[in-house]
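Asker: Protein sequences, first through last, are from chains A and B. Read left to right, the first sequence gives residues 1361 to 1557 (the numbering used here). Read left to right, the second sequence gives residues 147 to 538 (the numbering used here).
Certain hints may be false.
What the hints assert, rightly or not - Just so you have them, the derived chain A footprint on chain B, three or more residues with Cβ under 8 Å: (1) 199-210; (2) 329-341.
Claimed, not checked - Straight-line alpha carbon distances no greater than 35 Å define the calculated DSBU-like cross-link-like pairs of lysine-lysine that follow: (3) A:1393 x B:227; (4) A:1539 x B:195; (5) A:1374 x B:538; (6) B:280 x B:432; (7) A:1438 x B:227; (8) B:511 x B:384; (9) A:1536 x B:328; (10) B:328 x A:1393; (11) B:362 x A:1438; (12) A:1374 x B:396; (13) B:459 x A:1539; (14) B:426 x A:1393; (15) B:280 x A:1539; (16) B:384 x B:362; (17) A:1539 x B:481; (18) B:446 x A:1393; (19) A:1438 x B:384; (20) B:227 x A:1424; (21) B:379 x B:459; (22) A:1374 x A:1490; (23) A:1438 x B:446; (24) B:432 x B:489; (25) B:426 x A:1536.
Honestly, the hints are just simulated from the structure, not real lab data. Just so you know, even glycine gets a beta-carbon here, dropped at the ideal spot from N, CA and C.
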Amino acid sequence: MKILKLEDNELWTKFRNGDNEALSRIYSDNSPKLYRYGIKITSNHSIVEDAIQNLFSDLVRNRKNLGDTDHIHFYLIKSFKRRLQRELQKEMRYNPGSENKDYAFGITYSIEQSIILEESSNQNLSLLRKALNDLTPRQKEAIYLKFTQDLEYEQIAEIMEMGIEGSRNLIYRAVKSLKDSLRENKSLLIFFFASIF
Amino acid sequence: MAIIDREKYLNYDSTEDFILDKDFYTWVLYPNQERNLYWNGFIEKYPQKINLVREAALIIQSFQPLEPEVPEYRLNLILQKILIAEKKILSNRYQGLKYAAVLVVLVAIASLIWLSVNKKNNFQIEAGTMTGMKGRIILANGSTREFDTEKTSIKQSSSGHLTINNDTLEIKSDKTSSAINKVIIPYGKRSEIMLADGTHIWLNSGSQLSYPTEFKSDSREVYLSGEAFFDIKPNPEKPFYVITRDIRIKVLGTSFNVSSYEEDNTSQTVLFKGKVSAGKNQLFSKTVELMPGERMIYNKKNRGLTKDKVDTKFYASWIGGYLIFENEPITEIYKKLERYYNKNIQAEEGLEKISFSGKLDLKDKLEDVLENISFASAVKVQARNGSFIIKK
Chain A
1361 MKILKLEDNE LWTKFRNGDN EALSRIYSDN SPKLYRYGIK ITSNHSIVED
1411 AIQNLFSDLV RNRKNLGDTD HIHFYLIKSF KRRLQRELQK EMRYNPGSEN
1461 KDYAFGITYS IEQSIILEES SNQNLSLLRK ALNDLTPRQK EAIYLKFTQD
1511 LEYEQIAEIM EMGIEGSRNL IYRAVKSLKD SLRENKSLLI FFFASIF
Chain B
147 MAIIDREKYL NYDSTEDFIL DKDFYTWVLY PNQERNLYWN GFIEKYPQKI
197 NLVREAALII QSFQPLEPEV PEYRLNLILQ KILIAEKKIL SNRYQGLKYA
247 AVLVVLVAIA SLIWLSVNKK NNFQIEAGTM TGMKGRIILA NGSTREFDTE
297 KTSIKQSSSG HLTINNDTLE IKSDKTSSAI NKVIIPYGKR SEIMLADGTH
347 IWLNSGSQLS YPTEFKSDSR EVYLSGEAFF DIKPNPEKPF YVITRDIRIK
397 VLGTSFNVSS YEEDNTSQTV LFKGKVSAGK NQLFSKTVEL MPGERMIYNK
447 KNRGLTKDKV DTKFYASWIG GYLIFENEPI TEIYKKLERY YNKNIQAEEG
497 LEKISFSGKL DLKDKLEDVL ENISFASAVK VQARNGSFII KK
């Protein structure tokens, strides 16, 4: 079976006009991405799955009244996050103490499973690992949205409810702190050699 | 990515500039032939930038997450619930017209699309082409030639002539960079390809190979999905790379076999003569050197590389039209036969514990080949509607 790649706006229009093949397509393209994002915001996967189901049920029910979009992934992730936050607040009200922790963006970096990077020393890796874990939850989230979910600053700003400059700064500062952690190592090296000679 | 002027990047004088550049991080996260060509060219032209590039690549890779397993089954169930709920609304409106039939078809469509969409990867593989009856070559200019021979011979010359069996096509290219052709061989067919540099490649059933019509840059790169045997023309100035979705093999004049099918759990490289080094298809990944008679296995599940010694005769026999096995689980043999004959073979559970040793002649009919295995392994074969069912 061959599937032709449709542009987002075409696919979306088909979906709005009642095409269920378009719906399936949109769903299977996006639900894994939403799931991976959601599971970092809360570790409760049934809340994540409920939010996905409610999001798509509502989309199907209101398909005739939906607006245009030329970026389905962004449209869905934005709406998904709002729902997820609503669900989490509800959960907290009914079940105080359940998710009572401070907000943490629960992400595990592949570097922690020691993917072997030939050109870098172990010391570099452990410095990076530490710097990554020192990022604030919002920095982690913004980095994730940009580099893993492949979104633009403007979109990240909307999802995270902040200004565009704010999202730009958030990511820039995160990236810079990672770089600085590596440079720390080099200055250590220079210091080491300087003390020998 | 458009080949934009590299000078733009000359003004990048911090690691952050590179990390935040979309074209740059796209290359680091999803390298392909075009991007490698562009960025390796940049580093070569401006070696003063190499430290920034390396640092930036390391940082980008470091914050890649280890994603949890997505519960695909449950997500698929959610979709089906949504579709069924919608049908109910509709059927109330239309008094239950043909409602059950529509529903079944819809659910089937949903799972089909689900399956095919979720097999995606960065390595461009033409979807749904492997069971098609004809082999084809997609030329750099976008046009396609089909061929229907059991065993197709393809010869690419550096002057732009392409010979398929006995037909020669002349393809003019006015580009300075070399163009990429892609050969697709469906199940049940095979091909033998001569590249412009004299390299000789045998492509097995259900495989795809992308190669440049000319090797103009300072390395030779081809992309493989499936299985192929390579006899590489030595050229120390232009190392040859075979790149699959998971692994990357660097070659200096040699012959070896690579098996990297999407549907298999491992990717295997066996060296016959010469020397190759192989590693994961990631930037700066550690590589393993292979000596003749050694095999490197990449395990897709735990993403680990291992090496062992093998008897090479088991790994190239398919070129000559037969397969040799020694204590091979018969289910693995059925997988190979399915691809070779483009037929469906179903094996009962528990058969993976039975192994087979011996030689199978692929010129024989599949019925006879299966009969051979059954006789030696004491299993039963049933033919049903063009497929075969194997039972204990």
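Asker: For each hint, tell me whether it holds in the structure or not.
Answerer: Results of checking the hints against the structure:
Requiring three or more residues with a Cβ within less than 8 Å of a Cβ of chain A, the coverage given for the region 199-210 of chain B holds, as 9 such residues are present. Requiring three or more residues with a Cβ within less than 8 Å of a Cβ of chain A, the coverage given for the region 329-341 of chain B is violated, as only 0 such residues are present. A hinted pair counts as satisfied when its Cα atoms are at most 35 Å apart, and residue 1393 of chain A with residue 227 of chain B qualifies at roughly 19 Å. Under the criterion of a C-alpha separation no larger than 35 Å, the hint pairing residue 1539 of chain A with residue 195 of chain B is consistent with the structure, at around 16 Å.
As the CA atoms of residue 1374 of chain A and residue 538 of chain B are separated by approximately 50 Å, the hinted pair breaks the 35 Å bound. Taken as a hint, the residue 280 of chain B and residue 432 of chain B pair is broken in the structure, with Cα atoms around 39 Å apart against an allowance of 35 Å. Under the criterion of a C-alpha separation no larger than 35 Å, the hint pairing residue 1438 of chain A with residue 227 of chain B is consistent with the structure, at around 23 Å. With a C-alpha separation of about 43 Å, the suggested pairing of residue 511 of chain B with residue 384 of chain B is violated against the 35 Å cut-off.
Restraint check for residue 1536 of chain A and residue 328 of chain B: not satisfied, since their Cα atoms lie roughly 41 Å apart, outside the 35 Å limit. Of the supplied pair hints, the one linking residue 328 of chain B and residue 1393 of chain A holds, its CA atoms being roughly 31 Å apart against a limit of 35 Å. Restraint check for residue 362 of chain B and residue 1438 of chain A: not satisfied, since their Cα atoms lie roughly 46 Å apart, outside the 35 Å limit. For the hint linking residue 1374 of chain A to residue 396 of chain B, the alpha-carbon distance of about 46 Å lies beyond 35 Å, and the restraint is violated.
In summary, the hint linking residue 459 of chain B to residue 1539 of chain A is not supported, as the alpha carbons are separated by about 50 Å, beyond the 35 Å threshold. Distance hint between residue 426 of chain B and residue 1393 of chain A is fulfilled; the C-alpha atoms sit about 25 Å from each other, no more than 35 Å. Our distance criterion of 35 Å between C-alpha atoms is broken by residue 280 of chain B and residue 1539 of chain A, whose separation comes to about 52 Å. Proximity of residue 384 of chain B to residue 362 of chain B is assessed by CA-CA distance (about 10 Å); at most 35 Å being required, the pair is judged to hold.
For the hint pairing residue 1539 of chain A with residue 481 of chain B, the CA-to-CA distance comes to about 48 Å; that exceeds 35 Å, so the pair is violated. Straight-line distance between C-alpha atoms of residue 446 of chain B and residue 1393 of chain A comes to about 21 Å, which keeps the hinted pair within the 35 Å bound. Only pairs whose Cα atoms come within 35 Å are accepted, and residue 1438 of chain A paired with residue 384 of chain B is rejected, the gap being roughly 48 Å. Pair hint residue 227 of chain B plus residue 1424 of chain A holds up; C-alpha atoms about 20 Å apart against a cutoff of 35 Å.
A distance of roughly 21 Å separates the Cα atoms of residue 379 of chain B and residue 459 of chain B; the hinted pair therefore holds under the 35 Å criterion. For the given pair, residue 1374 of chain A sits about 47 Å from residue 1490 of chain A by alpha-carbon distance, which is inconsistent with the 35 Å threshold. Distance check on the hinted pair: residue 1438 of chain A and residue 446 of chain B sit about 33 Å apart at the alpha-carbon level, within 35 Å; holds. A threshold of 35 Å between alpha carbons decides the hint, and for residue 432 of chain B with residue 489 of chain B the separation of about 39 Å lies outside it, so the pair is violated.
Using a Cα cut-off of 35 Å, the hinted pair residue 426 of chain B and residue 1536 of chain A holds, with the two alpha carbons roughly 28 Å apart.
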